[in-house]
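Visitor: Residue strings, one per chain:
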Amino acid sequence: MFEVDKIRERFPILKREVNGRDLVYFDNGASTQKLQSVIDTVSNYYKEENSNVHRGVHFLSGLATDKFEETREVIREFIGAEHTHEIIFTKGTTDSINLVASGFRSLLNKGDEIIISELEHHSNIVPWQMCCEYSGAVLKIIPLKDNGELEVNKFESLLSKKTKLVALSHISNSLGTINPIKEFIEKAHKIGARVLIDGAQAASHISLNMQELDVDMYCFSAHKMYGPTGVGVLYGKEDILNEIPPYQGGGEMIKDVSFKKTTYACLPHKFEAGTPNIAGVIAFKSAIEFISDLGFNTIAEHENYLLEYATQEILKIEGVKIYGTSEKKSGIISFNIEGIHPYDIGVLLDKMGVAIRTGHHCTQPIMERFNIPGTARISLAIYNTKEEIDVCIESIKKAKQMLS
Amino acid sequence: MFEVDKIRERFPILKREVNGRDLVYFDNGASTQKLQSVIDTVSNYYKEENSNVHRGVHFLSGLATDKFEETREVIREFIGAEHTHEIIFTKGTTDSINLVASGFRSLLNKGDEIIISELEHHSNIVPWQMCCEYSGAVLKIIPLKDNGELEVNKFESLLSKKTKLVALSHISNSLGTINPIKEFIEKAHKIGARVLIDGAQAASHISLNMQELDVDMYCFSAHKMYGPTGVGVLYGKEDILNEIPPYQGGGEMIKDVSFKKTTYACLPHKFEAGTPNIAGVIAFKSAIEFISDLGFNTIAEHENYLLEYATQEILKIEGVKIYGTSEKKSGIISFNIEGIHPYDIGVLLDKMGVAIRTGHHCTQPIMERFNIPGTARISLAIYNTKEEIDVCIESIKKAKQMLS
Amino acid sequence: MQTIEEIQEEILEDFDMFEDWIQKYEYLIDLGKDLPAIDEKYKIEENLIKGCQSRVWLHAEENSGNIIFSADSDAIMTKGIVALLIRLLSGQSANDIAHADLDFINKIGLKEQLSATRANGLLSMIKQMKLYAIALDK
Amino acid sequence: MQTIEEIQEEILEDFDMFEDWIQKYEYLIDLGKDLPAIDEKYKIEENLIKGCQSRVWLHAEENSGNIIFSADSDAIMTKGIVALLIRLLSGQSANDIAHADLDFINKIGLKEQLSATRANGLLSMIKQMKLYAIALDK
Ligand SMILES: Cc1ncc(COP(=O)(O)O)c(C=O)c1O
Ligand SMILES: Cc1ncc(COP(=O)(O)O)c(C=O)c1O
Chain P
53 MFEVDKIRER
63 FPILKREVNG
73 RDLVYFDNGA
83 STQKLQSVID
93 TVSNYYKEEN
103 SNVHRGVHFL
113 SGLATDKFEE
123 TREVIREFIG
133 AEHTHEIIFT
143 KGTTDSINLV
153 ASGFRSLLNK
163 GDEIIISELE
173 HHSNIVPWQM
183 CCEYSGAVLK
193 IIPLKDNGEL
203 EVNKFESLLS
213 KKTKLVALSH
223 ISNSLGTINP
233 IKEFIEKAHK
243 IGARVLIDGA
253 QAASHISLNM
263 QELDVDMYCF
273 SAHKMYGPTG
283 VGVLYGKEDI
293 LNEIPPYQGG
303 GEMIKDVSFK
313 KTTYACLPHK
323 FEAGTPNIAG
333 VIAFKSAIEF
343 ISDLGFNTIA
353 EHENYLLEYA
363 TQEILKIEGV
373 KIYGTSEKKS
383 GIISFNIEGI
393 HPYDIGVLLD
403 KMGVAIRTGH
413 HCTQPIMERF
423 NIPGTARISL
433 AIYNTKEEID
443 VCIESIKKAK
453 QMLS
Chain X
53 MFEVDKIRER
63 FPILKREVNG
73 RDLVYFDNGA
83 STQKLQSVID
93 TVSNYYKEEN
103 SNVHRGVHFL
113 SGLATDKFEE
123 TREVIREFIG
133 AEHTHEIIFT
143 KGTTDSINLV
153 ASGFRSLLNK
163 GDEIIISELE
173 HHSNIVPWQM
183 CCEYSGAVLK
193 IIPLKDNGEL
203 EVNKFESLLS
213 KKTKLVALSH
223 ISNSLGTINP
233 IKEFIEKAHK
243 IGARVLIDGA
253 QAASHISLNM
263 QELDVDMYCF
273 SAHKMYGPTG
283 VGVLYGKEDI
293 LNEIPPYQGG
303 GEMIKDVSFK
313 KTTYACLPHK
323 FEAGTPNIAG
333 VIAFKSAIEF
343 ISDLGFNTIA
353 EHENYLLEYA
363 TQEILKIEGV
373 KIYGTSEKKS
383 GIISFNIEGI
393 HPYDIGVLLD
403 KMGVAIRTGH
413 HCTQPIMERF
423 NIPGTARISL
433 AIYNTKEEID
443 VCIESIKKAK
453 QMLS
Chain F
54 MQTIEEIQEE
64 ILEDFDMFED
74 WIQKYEYLID
84 LGKDLPAIDE
94 KYKIEENLIK
104 GCQSRVWLHA
114 EENSGNIIFS
124 ADSDAIMTKG
134 IVALLIRLLS
144 GQSANDIAHA
154 DLDFINKIGL
164 KEQLSATRAN
174 GLLSMIKQMK
184 LYAIALDK
Chain S
54 MQTIEEIQEE
64 ILEDFDMFED
74 WIQKYEYLID
84 LGKDLPAIDE
94 KYKIEENLIK
104 GCQSRVWLHA
114 EENSGNIIFS
124 ADSDAIMTKG
134 IVALLIRLLS
144 GQSANDIAHA
154 DLDFINKIGL
164 KEQLSATRAN
174 GLLSMIKQMK
184 LYAIALDK
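Residue numbers (the numbering used here), protein chains in the order written: chain P, 53 to 456; chain X, 53 to 456; chain F, 54 to 191; chain S, 54 to 191.
Think of the hints as simulated: they come from the structure by calculation, not from any bench. Incorrect hints may appear among the rest.
[Stated by the list, open to error] Where chain P lies over chain X, by a calculated footprint (3+ residues, C-beta under 8 Å):
| # | segment |
| --- | --- |
| 1 | 87-97 |
| 2 | 353-365 |
[Claimed, not checked] Far from chain X, by Cβ distances over 12 Å, these chain P residues were calculated:
| # | residue |
| --- | --- |
| 3 | 211 |
| 4 | 352 |
| 5 | 364 |
| 6 | 420 |
[To be verified] Using 27 Å as the maximum straight-line C-alpha spacing, the simulated BS3-like pairs for lysine-lysine come out as follows:
| # | chain 1 | residue 1 | chain 2 | residue 2 |
| --- | --- | --- | --- | --- |
| 7 | S | 160 | P | 307 |
| 8 | P | 192 | X | 380 |
| 9 | X | 99 | P | 119 |
| 10 | P | 216 | X | 313 |
| 11 | X | 206 | P | 312 |
| 12 | P | 307 | S | 94 |
| 13 | X | 119 | P | 214 |
| 14 | X | 312 | P | 162 |
| 15 | P | 312 | X | 216 |
| 16 | P | 99 | X | 312 |
| 17 | P | 119 | S | 180 |
| 18 | P | 99 | X | 438 |
| 19 | P | 242 | P | 162 |
| 20 | X | 214 | P | 312 |
| 21 | S | 160 | X | 450 |
| 22 | X | 162 | X | 197 |
| 23 | X | 214 | P | 162 |
| 24 | P | 312 | S | 180 |
| 25 | P | 313 | X | 450 |
| 26 | X | 307 | F | 96 |
| 27 | X | 312 | P | 213 |
| 28 | X | 313 | F | 96 |
| 29 | P | 313 | X | 192 |
| 30 | P | 67 | X | 119 |
| 31 | F | 180 | X | 312 |
| 32 | P | 307 | P | 119 |
| 33 | X | 312 | P | 206 |
| 34 | P | 58 | X | 99 |
| 35 | X | 313 | F | 94 |
| 36 | X | 99 | P | 67 |
| 37 | X | 58 | P | 214 |
| 38 | S | 180 | X | 450 |
| 39 | P | 313 | X | 312 |
| 40 | X | 206 | P | 192 |
Where is the CB? At the ideal position from N, CA and C, for every residue including glycine.
Based on the provided sequences and hints, a complete structural model is requested.
Guide: Here you go:
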């Protein structure tokens with residue numbers, strides 16, 4: 053049986069107070085809290101195993117390298133990828149997407165098209181705008197329905213032979229919408245377009261299988277998965293990763309360097325120039341193991357329960373409007389209260405120990421779509437509880453009262 | 053007075069054994085060992101302060117942001133930069149150089165020239181090769197003298213109105229050469245070229261002052277400075293950083309995103325897309341404080357003493373040849389023994405608990421220049437001791453005996 | 054007319070009365086509500102100081118050597134602090150504004166609202182007020 | 054001719070005799086020194102297996118159903134292990150080579166020399182030997 057108290061014990065920060073109250077942390081969409089096991093792995097690495105990876109013939113270098121590569125294998129299994137060398141370590145989702153967008157500059161011709169959607173995080177918008185600017189490709193946007201779902205019909209009408217790439221988020225960080233990516237992928241593949249999925253909000257919440265999804269590229273960040281900051285993953289099918297030119301030049305990513313001709317290493321090293329975030333990558337494994345051990349059934353059950361309860365309770369507050377009411381939804385509740393600026397709610401909730409995020413959540417086009425300055429956002433994680441939701445709801449009521 | 057034992061106590065890994073012997077760690081050029089205070093700061097951050105930085109209105113987000121920005125200010129002071137917003141956080145030196153090299157693509161015209169040297173690390177070669185390939189600029193190489201110094205005269209003859217950028221390392225990671233960068237910078241500035249210095253091997257060994265050096269850009273990595281992995285710095289003068297277009301697109305680096313027009317944030321955020329390595333950046337401060345507290349006089353005194361002693365002792369071994377004998381030299385000894393492959397030395401030394409690096413050290417052009425497959429490299433740090441050098445010398449003798 | 058320092062003292066006394074953060078914030082909210090509306094014609098892009106989340110419009114004009122500020126914000130809490138700043142600085146001489154030490158904001162426990170890296174535009178607002186004062190000084 | 058398994062047993066026995074790593078590595082070094090030189094004409098780019106640090110040249114030819122390997126390396130330690138592999142696989146049938154279980158390398162305590170991510174090219178070497186065997190099998 054799932055015991056949330058047991059889970060909470062594994063996250064030391066959850067014991068702390070903020071502004072004299074027990075911390076209630078509902079800003080998980082921005083970054084989750086960290087497992088003791090992740091913290092311990094970082095410490096232990098620095099205390100016992102630290103050395104630069106690859107190339108070294110000495111013991112510590114071998115040890116660090118083996119551990120580093122173990123994480124790659126664990127991630128391969130976690131996301132059901134075919135090959136270990138299809139897992140590229142990056143700094144985060146943003147870095148992963150930029151790696152691909154930069155490489156696509158040289159794969160695109162003037163007039164080619166890239167499709168993204170209206171609900172993307174800036175990290176899945178701006179790199180493509182830059183890519184289009186350099187390559188002469190054109191950016192097409194799948195519009196959003198009022199409930200926060202994408203207009204699938206509109207997507208179909210955007211697809212054409214000119215479409216070279218479709219880049220969509222798996223789950224919207226602002227609206228919680230779970231996009232039907234399998235359907236999008238199939239449709240895109242039919243006309244020969246590649247698909248990149250931004251899974252930053254998905255990887256710790258729903259089960260992934262790259263081969264089943266048949267997705268070309270998929271990205272996520274460790275820090276949103278109870279893991280360390282500064283680590284991300286780019287999964288890519290072998291063939292597409294071989295097509296994309298190297299992103300950064302430097303140590304590790306080369307086969308031979310001379311001033312006449314430099315040749316590049318094979319996957320995954322081709323995309324991993326320079327000394328990586330070794331401690332972070334190694335500790336990421338502990339986070340993946342935590343998620344795997346819990347299992348996505350348990351995770352979904354708990355998080356869905358919280359989502360439903362919180363939604364129901366918050367809707368009881370007069371004047372509340374929730375943005376994002378799609379049928380398939382992840383544990384994210386974006387809301388506003390009539391006549392109140394979300395910033396004011398955020399500040400007062402914080403005073404009551406409740407951490408939520410307010411603002412545009414790096415999704416300005418969504419805010420424009422709904423013509424609002426921002427929202428107050430509750431985003432859930434596995435360690436959240438019904439009691440925390442009660443505290444949060446009470447705090448919102450109190451804040452509303454103060455602000456009205 | 054400097055007591056190395058006291059210093060060693062602050063690095064927990066130095067107590068460990070390798071292959072049944074006390075670890076002797078001479079692979080500091082690849083990555084240094086980590087301070088207990090750095091490890092503690094990482095743990096403490098995750099246990100007490102963790103949250104995503106910037107934009108958040110809640111307490112933890114503010115706390116993490118303040119700490120994150122504190123490191124930026126500490127680094128500004130450490131390197132004598134004028135403005136805090138001239139400090140950009142990256143993944144490491146390689147990332148920093150690539151950021152600049154990618155931006156320079158659009159600042160260069162066909163036929164423009166970039167000057168680097170024969171002793172550069174691949175991280176300061178390949179990005180410029182890629183930059184030249186995309187921009188049509190031409191790469192020029194300052195050649196190396198037999199003693200590992202650069203040919204300053206040759207540099208002067210390479211300089212011309214076509215020269216737009218000079219990119220040099222401060223200290224050679226293979227040869228230990230301390231390049232007279234102030235002289236190079238002055239000469240480059242006379243003809244209006246910009247200068248980037250790769251300070252990966254310098255920042256923990258010699259005192260830096262950006263304003264005195266009048267350098268345009270300077271890079272280094274935390275993991276070579278007793279700090280965490282996955283953190284680097286790009287310093288750039290305000291004007292040049294404003295000229296260079298953004299590198300990665302995403303959250304945090306924008307002012308406004310819309311599908312019509314996206315505008316970029318000002319420095320330093322323009323270059324810091326996505327969630328950074330928050331724990332790493334915050335912990336980097338502890339490493340900088342350690343170095344500052346010791347002071348570069350103390351550091352230089354100890355490291356120079358070790359360098360001289362080690363050089364003297366190793367030269368007593370018959371058949372040893374040291375590569376890199378420049379007058380101004382940092383704590384790096386690259387050597388070979390006649391008739392023996394450096395790999396074999398590395399493997400046997402490791403068996404005796406001594407970690408050195410062998411191979412081309414990501415500087416293949418140097419190896420080509422001297423027509424060798426690689427070298428065995430001892431690289432020193434502040435916690436190394438005379439006794440460790442004795443162990444190392446004995447081990448080299450033993451290895452030589454086994455291999456002859 | 055009181056000096057900036059005298060007004061600071063007054064504000065500190067006001068805040069000293071509050072027993073908890075709730076009273077303090079309620080007071081701020083009230084200040085925000087009571088702030089005279091800015092003339093609509095000044096609520097333009099040029100006068101906008103953009104923090105990350107709340108927007109502040111600031112207008113300044115010179116009146117026989119003194120600077121008159123008017124302002125507005127879409128967030129009430131920000132508006133409350135803006136009201137404090139206007140109470141403090143509006144009507145003062147350009148020179149006094151430019152050299153004002155606004156330490157009282159720490160003292161009344163609103164420091165976290167003013168950190169350089171926080172989500173509101175308050176620090177930019179103070180900077181902008183000083184810049185206006187310098188610019189309008191003749 | 055002994056089978057691959059029999060030779061493995063023999064090698065394991067050899068290594069069992071050693072009391073410490075020094076004897077073991079000295080033995081490897083001797084093996085390396087004693088490895089018959091590869092014909093110079095095979096020391097070409099095509100036959101080069103590049104590890105990060107030591108280079109290995111490997112040549113294979115078929116002789117009435119069996120595969121004959123010859124090899125060289127610039128590092129003596131690598132050459133020693135290469136000598137072991139040749140002792141084990143050279144002269145065996147293509148099929149046996151392709152299916153050989155080379156577990157003995159762990160057992161004799163040289164695992165660290167063979168990790169996929171280490172600096173020598175040994176793992177690539179074993180892979181290449183098996184690929185040759187498959188390719189030359191008819
Ligand atoms: C949907 C989505 N995409 C991308 C990102 C960017 O991730 P990171 O900041 O880790 O690079 C985020 C995180 O905020 C996100 O929610
Ligand atoms: C001179 C020099 N430049 C650049 C680098 C690359 O640094 P990093 O791997 O931290 O990006 C190194 C590290 O090996 C170096 O020694």
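Visitor: Now, for every hint given, state plainly whether the structure supports it.
Guide: Okay, the hints, checked on the actual structure:
no., hint, in the structure
1, 87-97, "holds (count 4)"
2, 353-365, "violated (count 0)"
3, 211, "18 Å, holds"
4, 352, "24 Å, holds"
5, 364, "24 Å, holds"
6, 420, "7 Å, violated"
7, S:160 - P:307, "32 Å, violated"
8, P:192 - X:380, "58 Å, violated"
9, X:99 - P:119, "24 Å, holds"
10, P:216 - X:313, "22 Å, holds"
11, X:206 - P:312, "19 Å, holds"
12, P:307 - S:94, "25 Å, holds"
13, X:119 - P:214, "47 Å, violated"
14, X:312 - P:162, "18 Å, holds"
15, P:312 - X:216, "21 Å, holds"
16, P:99 - X:312, "51 Å, violated"
17, P:119 - S:180, "23 Å, holds"
18, P:99 - X:438, "23 Å, holds"
19, P:242 - P:162, "22 Å, holds"
20, X:214 - P:312, "21 Å, holds"
21, S:160 - X:450, "26 Å, holds"
22, X:162 - X:197, "30 Å, violated"
23, X:214 - P:162, "31 Å, violated"
24, P:312 - S:180, "31 Å, violated"
25, P:313 - X:450, "39 Å, violated"
26, X:307 - F:96, "20 Å, holds"
27, X:312 - P:213, "24 Å, holds"
28, X:313 - F:96, "22 Å, holds"
29, P:313 - X:192, "14 Å, holds"
30, P:67 - X:119, "21 Å, holds"
31, F:180 - X:312, "31 Å, violated"
32, P:307 - P:119, "23 Å, holds"
33, X:312 - P:206, "19 Å, holds"
34, P:58 - X:99, "17 Å, holds"
35, X:313 - F:94, "26 Å, holds"
36, X:99 - P:67, "9 Å, holds"
37, X:58 - P:214, "66 Å, violated"
38, S:180 - X:450, "33 Å, violated"
39, P:313 - X:312, "41 Å, violated"
40, X:206 - P:192, "52 Å, violated"
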